[in-house]
Amino acid sequence: MLTNLKRVFHFAFIDFYRNKGMSVAAIFVLTITMLLVTGLFFMRGVSNFLVETIQNKIDIAAYFKADTEEKDILTVKEEILKDSPDIKSIKYVSREEALNDFIEKHKDNNTFLKSLTEVGENPFLASLNIITNGSTAQYEQVSNTLQKDEYDTFIEKVDFSEKKGTIEKIFSITSNINKFGLILGAVLVLVAVSVVFNTIKLIIESSKDEIATMKIVGASTWLIKAPFIIQGAIFGAIAFTTCLLVTLAVTYFLSPGLSVIMPGFILFEYFILNLWMIILIQLGFGVGLGIASSFIVVRKYLKV
Amino acid sequence: MIKFQNVTKIYPPDTTVLHDICFEVKEGEFVSIVGKSGAGKTTLVKLILGLEEPTSGSVFFAGKNISEAYGADLQEIRRKIGGIYQDYKLLPAKTVYENVAYVMAVEGKENEEIISQVPKVLEVIGLAEKSNNFPKELSGGEQQRLAIARALVNHPDVVIADEPTGNLDPYNTYEVIRLLQKIHQSGKTVILSTHDREIVNKLGKRVITIENGRVVRDEEKGRFII
Numbered sequence: 001m002l003t004n005l006k007r008v009f010h011f012a013f014i015d016f017y018r019n020k021g022m023s024v025a026a027i028f029v030l031t032i033t034m035l036l037v038t039g040l041f042f043m044r045g046v047s048n049f050l051v052e053t054i055q056n057k058i059d060i061a062a063y064f065k066a067d068t069e070e071k072d073i074l075t076v077k078e079e080i081l082k083d084s085p086d087i088k089s090i091k092y093v094s095r096e097e098a099l100n101d102f103i104e105k106h107k108d109n110n111t112f113l114k115s116l117t118e119v120g121e122n123p124f125l126a127s128l129n130i131i132t133n134g135s136t137a138q139y140e141q142v143s144n145t146l147q148k149d150e151y152d153t154f155i156e157k158v159d160f161s162e163k164k165g166t167i168e169k170i171f172s173i174t175s176n177i178n179k180f181g182l183i184l185g186a187v188l189v190l191v192a193v194s195v196v197f198n199t200i201k202l203i204i205e206s207s208k209d210e211i212a213t214m215k216i217v218g219a220s221t222w223l224i225k226a227p228f229i230i231q232g233a234i235f236g237a238i239a240f241t242t243c244l245l246v247t248l249a250v251t252y253f254l255s256p257g258l259s260v261i262m263p264g265f266i267l268f269e270y271f272i273l274n275l276w277m278i279i280l281i282q283l284g285f286g287v288g289l290g291i292a293s294s295f296i297v298v299r300k301y302l303k304v
Numbered sequence: 001m002i003k004f005q006n007v008t009k010i011y012p013p014d015t016t017v018l019h020d021i022c023f024e025v026k027e028g029e030f031v032s033i034v035g036k037s038g039a040g041k042t043t044l045v046k047l048i049l050g051l052e053e054p055t056s057g058s059v060f061f062a063g064k065n066i067s068e069a070y071g072a073d074l075q076e077i078r079r080k081i082g083g084i085y086q087d088y089k090l091l092p093a094k095t096v097y098e099n100v101a102y103v104m105a106v107e108g109k110e111n112e113e114i115i116s117q118v119p120k121v122l123e124v125i126g127l128a129e130k131s132n133n134f135p136k137e138l139s140g141g142e143q144q145r146l147a148i149a150r151a152l153v154n155h156p157d158v159v160i161a162d163e164p165t166g167n168l169d170p171y172n173t174y175e176v177i178r179l180l181q182k183i184h185q186s187g188k189t190v191i192l193s194t195h196d197r198e199i200v201n202k203l204g205k206r207v208i209t210i211e212n213g214r215v216v217r218d219e220e221k222g223r224f225i226i
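Here the protein sequences line up with chains P and R, keeping their order. Heads up: the first sequence begins at 1 in UniProt numbering, then just goes up one per residue. Heads up: the second sequence begins at 1 in UniProt numbering, then just goes up one per residue.
Some clues are possibly wrong.
Said to hold, decoys possible - Keeping only pairs whose Cα atoms sit at most 25 Å apart, straight-line, the calculated BS3-like set for lysine-lysine is:
hint, chain 1, residue 1, chain 2, residue 2
1, R, Lys46, P, Lys6
2, P, Lys148, P, Lys71
3, P, Lys300, R, Lys46
4, P, Lys6, R, Lys205
5, P, Lys107, P, Lys91
6, R, Lys80, P, Lys225
7, P, Lys107, P, Lys88
8, P, Lys208, R, Lys221
Hints listed in this document are in silico derivations from the structure and should not be mistaken for laboratory results.
Pulled out of the complex, with its shape left as it was, chain P reads as follows (with noise of 0.2 Å):
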C-alpha cells in the first residue's frame, strides 16, 4: 500500500514536471479563478460597508413642541425601545443642546448668530433622534409609535415622512446591489469553474492515449487515476499559495489608498480579520476544484 502510494505521488510530480507548460496553463488559470472569487468575497465587503454606511445616516427626527417636559419626551423615549427593542440608537437631544450644538457648528458665521439674537428666544426644539437597525419595517414600527394620538400633544413634527421616499429608495436600491452582486458572483464563479474544467480536461485529453495503454497492460484504476487527482492537487496548491500572496500584496498596498475614498474601511485589516474564510474559499476554489475536475475527467477516460 504504502509502495503503491508513493509511486502514484512519483508518478504525478514526474508528469507535472514533464508537462511544464500545461502545469504552467493549469495553475494560472486555477489562480485567476481564485482571484476572481476573492475579489467577489472583498467586494461583497465593501458593498456592505456602504450599504451600512447609507443605512447610519438614515435617521428618524421627532420633534418635540417647546413646551413638552423632559420626562414626557423620555417616556416616549422608553416606548420606542420596548416597541422595537433592536434598534440601533435612540438620543435625547435638548432644546439647550440643540442650540449649543447650532452655536458650536457655526461659530464662524456671524450672520448666523446674528439672526439668533434678532430671534431673542431659543428657537430650537427637543428632538429625538433614532437609527433603526436598516430595515423599511422597523421605520415603519418607530414611526407608528411616534404618530400614537396620545403623543399628539409633545410631538410637533416627525422627520420619517417627509424622507420616507428616499429611505424607501436607498433600501431598494441597497437590495438591489445585493441582488445584483450574488446573482453576478453566482455566474462569474460559474464561469470560472467552467473554465477550470475545461482547462484540465484538455489536459488529461492529451493523455487519453497514455490511459488506454495503461488500461490495456491491466493497470487497476486507482494506480490510473491517482497520478492525475494529486496532479490537480499540485495545480490547486500551487494556485492557491501564489493566490494567497497575490491578496496579501494588493490588499497590503491597496488599503491606504482605499481608506481616502472610503474613510473608516481599511482594506488590509477586512483581509486579516476574514483571513481564515479567505483562505478556505481560495483552497476550496484550488486544491478542491482541481482535484475534483481531474477526478470527473479522468473518470470518462477509464469506462472500459
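Model the placement of chain R on the given structure of chain P, informed by the hints.
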C-alpha cells in the same frame, strides 16, 4: 487457453465485423490469424483483451468469460496477456526504462525487483543505452522491441501480437518474428495477427484465416491463402 464460442460482433447500426466465430487456442500453441485489412483481426484481439464486448457468443480466457469480467477481474486477465501492437502503444510521457518499470509496478512488483530486472531486460533487447530516452526518440524497430520487452517482463501466459511488423522494415520484421518464435519456444502461447504472407508461410504453424468476418480455414500447419 483462449476460446471463441459462436462470437458475433456487430457495430451499430448494422456493420457485422465478426460472424459466428468458433475456435480454441491451446496452451503453448503458436497461432497466426490471417486475413485482409478489415477482415476483423484487430476486433478479435480487442475481444480477447476485453476492450470490446461480443454482440453474441462468448470469449473465454483460462475458463473465464471475458465479457462477464469487470474491474479487478478484467485487469487480472489483461496482466496475463502480453500485447504487441502495430502502433506500439507505448507510454509517450515515460522513458524507455519507465515504460518497462510501469508494467512491473502494475503487477505489484517491489521496487528492488524492478530496479534489478528492468536494466537486464533492456540489455537483452539492446536498449540499455537508451533507457532515459522517450519513445518518440526511438526508431520504429526500437519502439517495437521496447513493446516486446514490456509485453514479456511480467512473464505473461499469452503473447498477442497484432500486426507487429506493420510499420517495420524487413530487417526489423525478421527480428520481431525471431523474438516471437523464441517466446514460443520458451513455452508461451503466441497469437500473431498479420496480413504478411511471407511471415506466415515461413513460420509453418497453425493458421486461422478470416474473410469477411468468418473463419474460412483453420489448418494445423497452414499457409497464407487468400
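Does Lys107(P) pair with Lys91(P) here, judged by a C-alpha cut-off of 25 Å?
holds, 24 Å
Does Lys80(R) pair with Lys225(P) here, judged by a C-alpha cut-off of 25 Å?
Since the Cα atoms of Lys80(R) and Lys225(P) sit roughly 22 Å apart, the hinted pair holds (cutoff 25 Å).
Lys300(P) and Lys46(R): Cα distance at most 25 Å?
holds, 20 Å
Lys148(P) paired with Lys71(P) [C-alpha distance capped at 25 Å]
holds, 17 Å
Keeping to a limit of 25 Å between CA atoms, is the pair of Lys46(R) and Lys6(P) held or broken?
violated, 32 Å
Straight-line Cα separation of Lys107(P) and Lys88(P) no greater than 25 Å?
The given pair, whose Cα atoms are some 31 Å apart, is violated under the 25 Å limit.
Has the given pair, Lys208(P) with Lys221(R), been kept, meaning a C-alpha gap of at most 25 Å?
violated, 41 Å
For the pair supplied as a hint, Lys6(P) and Lys205(R), is the alpha-carbon distance within the 25 Å limit?
Violated, at roughly 46 Å.
In terms of the numbered hints stated before, the structure departs from hints 1, 4, 7 and 8, listed from lowest to highest.
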